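Chemist: Listed below, chain by chain, are the residues.
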Amino acid sequence: MRRLVAVALLVALGASAWAAGLGSASEKRAAATTTVTISNEQGTTWTCGFNPFNGGTVPLSFGTVYEPLTFSDPLKSGATTNWLASAYAWSNHNRTLTFTIRSGVKWTDGKPFSAKDVLFTFNMIKANPALDLNGVWSVLKSVSANGNKVTFAFKTSAVPYFYNIADKTPIVAQHVWSSVGNPVTYKDSSPIGTGAFTMSSCSPQVIKYQKNPAYWQKGLPKIDTVYYPAYTSNDPANQDLASGKAQWGSQFIPNINAFYLSKSKDNHYWFPPVANVSIFVNLKDPILSNVAVRRAMAYAIDKRRVSQIGEYGYEPPANQTGIVTPTFASWLNPKLAKQVTYNPAKAIAILKAAGFKMKGGVFQTPQGKSLSFTMINIGGYSDWVASAQLVAQQLKAVGIKITAENLSQTTYNNDTYTGKYQLSYNGNEPPGPAPYYELREILYSKNSAPIGTIAPSNWERYSNPAVDTLIDAYGATTSASVQHGIIDKLAAAMVRDVPVIPVTEGVDWYQYNTKSLAGWVTQQNPYARPAAYENPDWGVVLLHLKPKG
Amino acid sequence: MRFVFRRLGFFLLTLWVAVTLNFLIPRLMPGNAAVSMMARYKGRVSPDALHALEIAFGVNHHQSLVSAYFTYLWNIARLHLGISLTFFPDAVTHEVGQALPWTLGLIGVTTILAFVLGTFIGLLAAWRRGGLLDGVFPPIFIITSAFPYFWFALLAIWLFAIKLGWLPQSGGYDYTTDVGWSWGFAEDVVRHSILPAFTILVTSIGIWILTMRNNTISVLAEDYVRMARAKGLSPWRIMWTYAGRNAILPSLTGFAMSLGFVVGGAILVEYVFNYPGVGWMFLQSVENQDYALMQGLFLMITVAVLLAILAADGATAVLDPRTRDRR
Numbered sequence: 000m001r002r003l004v005a006v007a008l009l010v011a012l013g014a015s016a017w018a019a020g021l022g023s024a025s026e027k028r029a030a031a032t033t034t035v036t037i038s039n040e041q042g043t044t045w046t047c048g049f050n051p052f053n054g055g056t057v058p059l060s061f062g063t064v065y066e067p068l069t070f071s072d073p074l075k076s077g078a079t080t081n082w083l084a085s086a087y088a089w090s091n092h093n094r095t096l097t098f099t100i101r102s103g104v105k106w107t108d109g110k111p112f113s114a115k116d117v118l119f120t121f122n123m124i125k126a127n128p129a130l131d132l133n134g135v136w137s138v139l140k141s142v143s144a145n146g147n148k149v150t151f152a153f154k155t156s157a158v159p160y161f162y163n164i165a166d167k168t169p170i171v172a173q174h175v176w177s178s179v180g181n182p183v184t185y186k187d188s189s190p191i192g193t194g195a196f197t198m199s200s201c202s203p204q205v206i207k208y209q210k211n212p213a214y215w216q217k218g219l220p221k222i223d224t225v226y227y228p229a230y231t232s233n234d235p236a237n238q239d240l241a242s243g244k245a246q247w248g249s250q251f252i253p254n255i256n257a258f259y260l261s262k263s264k265d266n267h268y269w270f271p272p273v274a275n276v277s278i279f280v281n282l283k284d285p286i287l288s289n290v291a292v293r294r295a296m297a298y299a300i301d302k303r304r305v306s307q308i309g310e311y312g313y314e315p316p317a318n319q320t321g322i323v324t325p326t327f328a329s330w331l332n333p334k335l336a337k338q339v340t341y342n343p344a345k346a347i348a349i350l351k352a353a354g355f356k357m358k359g360g361v362f363q364t365p366q367g368k369s370l371s372f373t374m375i376n377i378g379g380y381s382d383w384v385a386s387a388q389l390v391a392q393q394l395k396a397v398g399i400k401i402t403a404e405n406l407s408q409t410t411y412n413n414d415t416y417t418g419k420y421q422l423s424y425n426g427n428e429p430p431g432p433a434p435y436y437e438l439r440e441i442l443y444s445k446n447s448a449p450i451g452t453i454a455p456s457n458w459e460r461y462s463n464p465a466v467d468t469l470i471d472a473y474g475a476t477t478s479a480s481v482q483h484g485i486i487d488k489l490a491a492a493m494v495r496d497v498p499v500i501p502v503t504e505g506v507d508w509y510q511y512n513t514k515s516l517a518g519w520v521t522q523q524n525p526y527a528r529p530a531a532y533e534n535p536d537w538g539v540v541l542l543h544l545k546p547k548g
Numbered sequence: 000m001r002f003v004f005r006r007l008g009f010f011l012l013t014l015w016v017a018v019t020l021n022f023l024i025p026r027l028m029p030g031n032a033a034v035s036m037m038a039r040y041k042g043r044v045s046p047d048a049l050h051a052l053e054i055a056f057g058v059n060h061h062q063s064l065v066s067a068y069f070t071y072l073w074n075i076a077r078l079h080l081g082i083s084l085t086f087f088p089d090a091v092t093h094e095v096g097q098a099l100p101w102t103l104g105l106i107g108v109t110t111i112l113a114f115v116l117g118t119f120i121g122l123l124a125a126w127r128r129g130g131l132l133d134g135v136f137p138p139i140f141i142i143t144s145a146f147p148y149f150w151f152a153l154l155a156i157w158l159f160a161i162k163l164g165w166l167p168q169s170g171g172y173d174y175t176t177d178v179g180w181s182w183g184f185a186e187d188v189v190r191h192s193i194l195p196a197f198t199i200l201v202t203s204i205g206i207w208i209l210t211m212r213n214n215t216i217s218v219l220a221e222d223y224v225r226m227a228r229a230k231g232l233s234p235w236r237i238m239w240t241y242a243g244r245n246a247i248l249p250s251l252t253g254f255a256m257s258l259g260f261v262v263g264g265a266i267l268v269e270y271v272f273n274y275p276g277v278g279w280m281f282l283q284s285v286e287n288q289d290y291a292l293m294q295g296l297f298l299m300i301t302v303a304v305l306l307a308i309l310a311a312d313g314a315t316a317v318l319d320p321r322t323r324d325r326r
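The listed protein sequences correspond, in order, to chains R and D. The numbers in numbering that gives the first Met the number 0 rise by one with no breaks, and the one at position 538 of the first sequence is 537. The numbers in numbering that gives the first Met the number 0 rise by one with no breaks, and the one at position 156 of the second sequence is 155.
The set of hints was computed from the structure by calculation and includes no laboratory data. Being a predicted model, the structure only gives us computed values, none of them experimental. Honestly, I wouldn't trust all of these hints.
[What the hints assert, rightly or not] Covered by chain D, per the in silico footprint, the following chain R stretches (three or more residues, Cβ under 8 Å):
| id | region |
| --- | --- |
| 1 | 36-46 |
| 2 | 131-140 |
| 3 | 257-266 |
| 4 | 299-312 |
| 5 | 355-365 |
| 6 | 448-459 |
| 7 | 473-487 |
[What the hints assert, rightly or not] Sample of chain R residues lacking proximity to chain D, with all beta carbon distances greater than 10 Å (derived):
| id | residue |
| --- | --- |
| 8 | GLY54 |
| 9 | GLY55 |
| 10 | THR69 |
| 11 | SER76 |
| 12 | LYS105 |
| 13 | TRP106 |
| 14 | PRO128 |
| 15 | GLY146 |
| 16 | ASN163 |
| 17 | LYS167 |
| 18 | LYS221 |
| 19 | ASP223 |
| 20 | ILE286 |
| 21 | TRP519 |
| 22 | GLN523 |
[Said to hold, decoys possible] Computed cross-link-like contacts, BS3-like style, restricted to lysine-lysine with a CA-CA straight-line distance of at most 27 Å:
| id | chain 1 | residue 1 | chain 2 | residue 2 |
| --- | --- | --- | --- | --- |
| 23 | R | LYS264 | D | LYS230 |
| 24 | R | LYS445 | R | LYS488 |
| 25 | R | LYS547 | R | LYS264 |
| 26 | R | LYS356 | R | LYS345 |
| 27 | D | LYS162 | R | LYS262 |
| 28 | D | LYS162 | R | LYS514 |
| 29 | R | LYS283 | R | LYS75 |
| 30 | R | LYS283 | R | LYS419 |
| 31 | R | LYS244 | D | LYS230 |
Even glycine gets a Cβ: it sits at the ideal position worked out from N, Cα and C.
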C-alpha cells in the first residue's frame, strides 16, 4: 500500500511540474501592443461570416469594420454625431432627408468612398427585403444621389426612422457588393469597410481585429488589436473577466461584488437602464381584458422588492409610464410616474369596486370564475425566474393566483409572439434612442396581429386608434416640444389602460477594467451604449479607448 | 457469407427507419425558425428584423411533407445537408466539419482510453482478486463514476485552473495563439484538453472496470480455465487468451455503442469547458429550430452508431465462434 501511494505521489508531482512548465512557457508572449479582449457570452461559436445584413453577424462587423451615416447616442436621447455623412437636413414637411457625404474617406482596400456607395447600399436593401433588418423600406419611397448628396424621399413622415436609416444601416462598398451573387446568403468572410478596424483573422473560437492605419478620423484608433473570443456559456466568460484576461465584459454576473469587483481595484461596472422588463397581459383573454384586473395587478406589485431580490439590484424598478429612468428622465412627467405605486390595499379596493368577490383567498368574477392565471417565463434566465416568483407571491397577497411556467426560450417566444399565453414576463423589446421607440413597439396596433399569428412586438395585442394617431403624429415632427407632448400622452395611456405592467428596467450589461486602458463609457460620460453586443456603439467605444497614462 | 449479408441488410433497414424518423420528429416540434432566431437576439435587433428573417429563411415557403421527404432523401444521398440557420448562411457540412475534429480528438480519445484502461484494470483486479489493485481501484472509480459530471468538472476547474493556475480553464486553445500546424499550437491544444480529458476519464472509467472485473471473475470459474491451469499454461497466457478474451465480449458491444455516440459530442463537457465541439452545436440546433443542422447531426450519429454496432458484431464473431451462423 505504501509503495502504491508513493508511486501515485510521484506521478502527480511529475504531471503537475509538467503542466506548470507548460504554463510558464505560454505566458512569455508579452503584449507590446495595446489590446482589448471582449468577454461577451453570445452563446455561439463564430461562423467567420461578417455580412452586416445578417442578424447573427451584424454585431461582429457593424461599428468596427462597417460604419453608419451618423451615430445617435441612445444614452443621451439620441444626440447625433456625424459619421460617414458630414451633414444632414430635413425638408418638404419632414418627408425628405438629405445627407452630405463626407469626403476623404477610403475603403480598407484603398478605393475612395462616395455617395454612390450609400445609394447602392440602400437600393440593394430595397431589392432584397431579407436584408432590411431595420424596416427602412417600410417608410421610404426612393433614394437618389447627386454629387456628394444623397436624398431619401419618404412615403409618409417618419422622422424616428432617421435612427434606422442613419444609425442602424451599415454602408457597404459598391465595388465589392455589386459583384455578389446573392447578398442574403453572402458570407463576407473578409469584409472591406471604412471603419477603424479590419478583421485580420478568424476561427470559430476567436476573431481578431487590427487597427486600420489609414482610418479617416486622424490619430484614431489608439488601440491596436481587439480579441473577441466565442463563449458558449456564461461561466468561462465571467471567469476571464474576473481574472483580468478580458477587459470588457457584457453579461450578467451573479453576485458581482464578490465575484468581480473584489478581485481588483481596476474592475468596474455600470448597468445603464435602456428598456423595460414587463408583464405582458394578453388583452384578448376574457378576464384580463378587464382593465380593473390589470390596474389591481399594477398596484399589487412591489417593484422595488423585485429589483432588489430578483435582480440583485442590477435592474432598477420600473414605472407604469414605460419611460426608462434615469436614461430618459427628461421625458418623464413625474406626476404620471407616481400615479401607480405599490399599494396592495388599493389593489383589493379596485377589484372589489369592479364587482369581484373574494372566495377562499382568491377573487372571483361575478360569473364565478377565479382570478387565476399562468405566467410564462424563460426558464434559463435565473433572475427572471426569481422575479416572476416574487411577482406571483405579491399578487397572491391581493387574491390573484399566478402559476409560473418556466419554458424553453423557443416555446416561450413562440407563445408570446402568437399570443397563446395569459401573462408573459418579458424584457425582449429592443430599446431605442428615445422612449418613443419602446412605446411604439408596445402600443402601435400595426405591430399587433390576431391570436395565432405572429405579432412583431405588440404581443399584448393593444389597439387604440387615438394612440395610433399620436404615434403617427410623433413621426411627422422634428420639434422636441411636440415630441415631449406626445410622449406625455402615450405615457398617460400606459397608466390609464395598463396594457403591460413594467416591473424592472432592463440594462446594458457592462463591466470594464481600467488597469491598462482609459476612455471607457461611464455614468458621467455616457457617449455610447457600453455593451459590446450593441452596434454600431461598440465601434464608438473602441475609438474612445486608449492606453492608460 | 450469409452472416455478412444478413447483417448488412439489417443495417440498411435500420438506417432507413432512422433517416425517416430524423425527418419527421423535428417537424413535430412547434414554432418557427425566425421567431427562434429573434429569441436568440434577445431584443438586440429591431422588430422589423422578424420580417426580414422570415424571407431569408424561407419560413413561409410551404412545401408538402411528401415532396419535402423525397427532396430530403435525395439530398442525403448526395450528402447535401443544407444550410444551417443557426450559422446562416453556412452549410451544415462545413459547420459540422469544423466542430467534429475537436469532438473526435477529445471525446473519441478519452472514450478509447477509458475503455482500454478500465478493461485492463478490471482484468488485473479480477486476476488478483483481493489484492492491492483490487482493493483500491474499483472502489475509488466506482465512487467517481457516481459523481455528477458538471459538479466534478467545476471542482476540477476551481482547483487546477483557478486556485493552482496549472491549466487553462476553458476553450480549445488560447486565443492569442496563432492557429496552424505548429508545435506551439499543438502544445496549446493539448494543454487545453488535459482538464476536460481528465474529468471525463475519471467519471467514466468505473463502469468499464466493474464490468470487466465481474465478467472475468465468472469466467475464471469456468471449466476451460481450470483445464488451462491444469495443463500448466503460463498465467499470463491464461489471463489474456482464456479469461480476457471471453470476459471482454459483453463490454465490447457497450464500447461500440459509446464509440458511435462519440460523434454526438458531450454537451456537459463542452458547456462547462467552453469546448468547441458537436454536442453544444446539437443543443443550439434544437433551440433554434435549425432542422438542417439537427438532421445532419442526427444522421451522423445514427450512421456512426450503426457502423459501430456492425463492427462490434464482426468483432464478436471473430472472438466468439458461437455467435456465427449455424449451417
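Chemist: Decide, hint by hint, whether the structure agrees.
Modeler: Outcome of the hint check:
For a cut-off of 8 Å, the count of residues in the region 36-46 of chain R with a CB near a CB of chain D stands at 5, and the three-residue condition holds. Residues of the region 131-140 of chain R with a Cβ under 8 Å from some Cβ of chain D number 5, which satisfies the need for three, so the listed coverage holds. A count of 0 residues in the region 257-266 of chain R with a Cβ less than 8 Å from any Cβ of chain D is obtained; the coverage claim is therefore unmet, three being the minimum. Under a criterion of three residues with beta carbons nearer than 8 Å to beta carbons of chain D, the stated coverage of the region 299-312 of chain R fails, only 0 such residues being counted.
Judged by the Cβ-Cβ criterion of 8 Å, the region 355-365 of chain R is not covered by chain D as claimed, because only 0 of its residues qualify and three are needed. Closer than 8 Å: that is the beta-carbon criterion, and the region 448-459 of chain R has 3 residues meeting it against chain D, so the requirement of 3 holds. Coverage of the region 473-487 of chain R by chain D is violated in this model, with 0 residues showing a Cβ closer than 8 Å to a Cβ of that chain against a need of three. At roughly 5 Å, the least C-beta separation between GLY54/R and chain D is not larger than 10 Å, which violates its mark as non-interface.
GLY55/R, annotated as away from the interface, has a beta carbon of chain D within 10 Å; the closest lies near 6 Å. The non-interface label for THR69/R is consistent with chain D: the shortest C-beta to C-beta separation is roughly 17 Å, beyond 10 Å. Chain D leaves SER76/R outside its interface by the beta-carbon criterion, the shortest separation being 18 Å against a cut-off of 10 Å. With a least CB separation of 28 Å from chain D, LYS105/R remains clear of the 10 Å interface cut-off, as annotated.
The Cβ of TRP106/R sits about 23 Å from the closest Cβ of chain D, beyond the 10 Å cut-off, so the non-interface label holds. With a minimum CB-CB distance of about 5 Å to chain D, PRO128/R fails to clear the 10 Å threshold, and the non-interface call is violated. Distance to chain D confirms GLY146/R as a non-interface residue, since its nearest Cβ pair spans about 31 Å, more than 10 Å. At roughly 7 Å, the least C-beta separation between ASN163/R and chain D is not larger than 10 Å, which violates its mark as non-interface.
Under the 10 Å C-beta cut-off, the non-interface status given to LYS167/R relative to chain D is violated; the minimum distance is some 7 Å. With a least CB separation of 20 Å from chain D, LYS221/R remains clear of the 10 Å interface cut-off, as annotated. Here ASP223/R stays apart from chain D, with its beta-carbon at least about 13 Å from theirs, past the 10 Å limit. At roughly 25 Å from the closest C-beta of chain D, the C-beta of ILE286/R stays outside 10 Å, upholding its exclusion from the interface.
The claim that TRP519/R is not at the interface with chain D holds, since no C-beta of that chain comes within 10 Å of its own (minimum 21 Å). Its beta-carbon lying about 25 Å from the closest one in chain D, GLN523/R satisfies the requirement of being farther than 10 Å from that chain. Only pairs whose Cα atoms come within 27 Å are accepted, and LYS264/R paired with LYS230/D is rejected, the gap being roughly 77 Å. For the given pair, LYS445/R sits about 19 Å from LYS488/R by alpha-carbon distance, which is consistent with the 27 Å threshold.
Taking the CA atoms of LYS547/R and LYS264/R, the gap is about 15 Å. The hint holds against a cut of 27 Å. Taking the CA atoms of LYS356/R and LYS345/R, the gap is near 15 Å; set against the 27 Å cutoff, the hint holds. For the hint linking LYS162/D to LYS262/R, the alpha-carbon distance of about 13 Å falls within 27 Å, and the restraint holds. With a C-alpha separation of about 22 Å, the suggested pairing of LYS162/D with LYS514/R holds against the 27 Å cut-off.
Among the hinted pairs, LYS283/R with LYS75/R is inconsistent with the structure: their alpha-carbon atoms are about 37 Å apart, more than 27 Å. Restraint check for LYS283/R and LYS419/R: satisfied, since their Cα atoms lie roughly 10 Å apart, inside the 27 Å limit. Under the criterion of a C-alpha separation no larger than 27 Å, the hint pairing LYS244/R with LYS230/D is inconsistent with the structure, at around 66 Å.
Violated hints for the displayed structure, listed by number in ascending order: 3, 4, 5, 7, 8, 9, 14, 16, 17, 23, 29 and 31.
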